[in-house]
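J.: Residues per chain, in single letters:
2 protein chains.
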Amino acid sequence: MAPSYIGEFEQMVLLAVLQQGDEAYAIEVRKELERSAGRSVSRGALYRTFDRLEAKGYVDWELEAGNPVPERGGHPMRKFRVTEAGLEALRVSRSALLKLWRGLDTVLDGS
Amino acid sequence: MAPSYIGEFEQMVLLAVLQQGDEAYAIEVRKELERSAGRSVSRGALYRTFDRLEAKGYVDWELEAGNPVPERGGHPMRKFRVTEAGLEALRVSRSALLKLWRGLDTVLDGS
DNA sequence: AGATTGGAGTATACAATGTATTCCTCGCAT
DNA sequence: ATGCGAGGAATACATTGTATACTCCAATCT
Numbered sequence: 156m157a158p159s160y161i162g163e164f165e166q167m168v169l170l171a172v173l174q175q176g177d178e179a180y181a182i183e184v185r186k187e188l189e190r191s192a193g194r195s196v197s198r199g200a201l202y203r204t205f206d207r208l209e210a211k212g213y214v215d216w217e218l219e220a221g222n223p224v225p226e227r228g229g230h231p232m233r234k235f236r237v238t239e240a241g242l243e244a245l246r247v248s249r250s251a252l253l254k255l256w257r258g259l260d261t262v263l264d265g266s
Numbered sequence: 156m157a158p159s160y161i162g163e164f165e166q167m168v169l170l171a172v173l174q175q176g177d178e179a180y181a182i183e184v185r186k187e188l189e190r191s192a193g194r195s196v197s198r199g200a201l202y203r204t205f206d207r208l209e210a211k212g213y214v215d216w217e218l219e220a221g222n223p224v225p226e227r228g229g230h231p232m233r234k235f236r237v238t239e240a241g242l243e244a245l246r247v248s249r250s251a252l253l254k255l256w257r258g259l260d261t262v263l264d265g266s
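Chains as they are written, first to last, in our numbering: chain A, 156 to 266; chain B, 156 to 266.
Among these hints, one or two may not hold up.
For chains that are exact copies, the list does not tell them apart, and a pair is met inside one copy or across any two.
The calculated EDC-like cross-link candidates involving lysine to aspartate or glutamate, where the alpha carbons are at most 20 Å apart (straight line), are [to be verified]: (1) 254 / 163; (2) 254 / 264; (3) 234 / 260; (4) 186 / 239; (5) 254 / 178; (6) 234 / 217; (7) 211 / 239; (8) 234 / 209; (9) 254 / 183; (10) 186 / 264; (11) 211 / 163; (12) 254 / 189.
In short, the hints are calculated from the structure, not lab data.
Turn these sequences into a full structure, and let the hints steer you where they fit.
T.: So this is what it looks like as structure tokens:
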């Protein structure tokens with residue numbers, strides 16, 4: 156019963172993954188979100204969202220290609236990637252928003 | 156426990172109200188949504204959302220100023236308006252999205 | 001070596017949001 | 001008066017958002 160709908164947070168996570176390019180580790184994504192969206196995100200919330208995105212086929216990941224042990228607490232980190240389906244979902248969503256924003260710049264730009 | 160967060164659908168409804176300007180009746184808003192977002196919206200879903208937006212103080216409304224009886228089935232229709240708080244929420248949300256989209260045009264424009 | 005610490009990820013639980021179906025009421029047409 | 005259509009409200013349930021509370025593992029402390 157996929158509602159072919161993508162939640163706002165899911166959308167932001169997807170975008171943050173793209174922003175991180177080749178370094179899309181959960182933790183980095185989290186930092187990106189706090190930076191761009193200006194709000195804090197608990198780890199649990201983020202992983203939960205990744206699970207759902209994965210279930211929908213919007214992201215996939217691999218287990219830390221080269222260096223299996225980063226710095227402290229060496230641990231296999233997952234590196235995320237947005238799938239083509241994920242990109243498509245983002246496009247749809249963006250297109251709708253752009254349409255709805257059209258002509259409202261005056262009101263929405265202030266502050 | 157207001158999560159200071161605005162869902163995607165709520166956001167779209169708010170925008171659609173603005174788009175309708177002085178004619179923001181539920182039904183018109185619904186049409187606008189179907190047009191811009193390209194998806195159908197049941198009446199119940201829309202009213203439910205209006206309730207929540209009102210509870211958050213993002214919209215208010217009045218009962219059909221001049222003509223209490225439109226065309227058929229004369230009935231008091233509610234005319235919605237986005238409040239200042241609603242505008243602010245939209246600005247915050249838009250600003251975050253714009254930041255996250257930055258630099259991704261190449262990937263997101265296609266299709 | 002055993003205990004401790006801290007990072008990465010998982011599980012669980014619950015609140016908020018999204019969405020449809022059903023029901024109610026009011027006028028108008030018949 | 002009866003039936004139909006339109007606007008709206010209530011109800012109910014699925015999905016999404018979010019936090020807290022673990023589990024694991026390796027490096028460090030002692």
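J.: Among all the numbered hints in the text so far, which are the ones the structure does not match?
T.: Structure breaks hints 3, 4 and 10.
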